[in-house]
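Undergrad: Assemble the whole structure, with the sequences as input and the hints as a guide.
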Amino acid sequence: MTTLSPNLTSRKALEEWLLDFHKSSATLDAKLCADKFFTQDVEMCYANNLPVNGKASVEAFFDKAFKALDLMHHDINYFDFVGPDKLYQAATIKYLVKGDDPDKDLIVIPAIQVAWLKEEEGKLKMRRSEIYLDACQVFAKMSEKGLL
1 MTTLSPNLTS
11 RKALEEWLLD
21 FHKSSATLDA
31 KLCADKFFTQ
41 DVEMCYANNL
51 PVNGKASVEA
61 FFDKAFKALD
71 LMHHDINYFD
81 FVGPDKLYQA
91 ATIKYLVKGD
101 DPDKDLIVIP
111 AIQVAWLKEE
121 EGKLKMRRSE
131 IYLDACQVFA
141 KMSEKGLL
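The numbering of the sequence shown is the UniProt record's numbering, which starts it at 1 and goes up by one.
By construction, these hints were calculated from the structure, which means they are not laboratory data. Everything numeric in this text was worked out from a predicted model, so none of it was measured. The reader is advised that the hints may include incorrect statements.
With a Cα cut of at most 30 Å, we get these calculated BS3-like pairs of lysine-lysine [as the list claims (entries may be wrong)]: (1) K55 <-> K125; (2) K67 <-> K23; (3) K12 <-> K141.
Derived DEER-like restraints, expressed as beta-carbon distance ranges [unchecked claim]: (4) K123 <-> G146: 16 to 24 Å; (5) N77 <-> G54: 24 to 32 Å; (6) I109 <-> S10: 26 to 34 Å; (7) I109 <-> K145: 12 to 20 Å; (8) A56 <-> K145: 36 to 44 Å; (9) A13 <-> G146: 40 to 48 Å.
C-beta: ideal position from N, C-alpha, C; glycine also.
TA: Here is the structure:
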């Protein structure tokens with residue numbers, strides 16, 4: 001069990017961390033996102049896929065998907081921290097597959113994430129992440145266009 005510093009787990013600090021995480025992922029730069037927000041030994045479960053283990057593997061997973069997108073934007077619906085280290089969030093995610101028309105082809109889906117946090121050098125990082133969503137429409141469109 002990990003216990004985090006109280007100054008890192010105030011509601012305001014967690015909200016700022018989440019906003020920064022989503023701002024980072026919106027750049028579609030998998031390396032930037034992985035380096036800043038995941039531990040070396042992170043385990044990630046994304047939808048119904050097998051777990052991805054290790055920061056390099058998580059980065060590679062997102063890099064492949066990010067290269068097929070023109071846009072990914074998260075709006076946080078709500079979040080909660082369940083001590084000592086678990087963060088829950090619900091978000092609405094907007095995706096635009098590469099080359100699609102932003103006025104007609106935006107895909108919007110709900111998602112929930114559970115993240116187990118760890119403090120490293122005074123910064124919050126995810127040591128485990130479970131992401132629950134149905135991104136079939138996004139990945140089908142990527143496949144249809146030959147982007148995966």
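Undergrad: Just pull the numbers of the violated hints for me, sorted ascending.
TA: Of the numbered hints given earlier, those the structure breaks are 3, 4, 8, listed in rising order.
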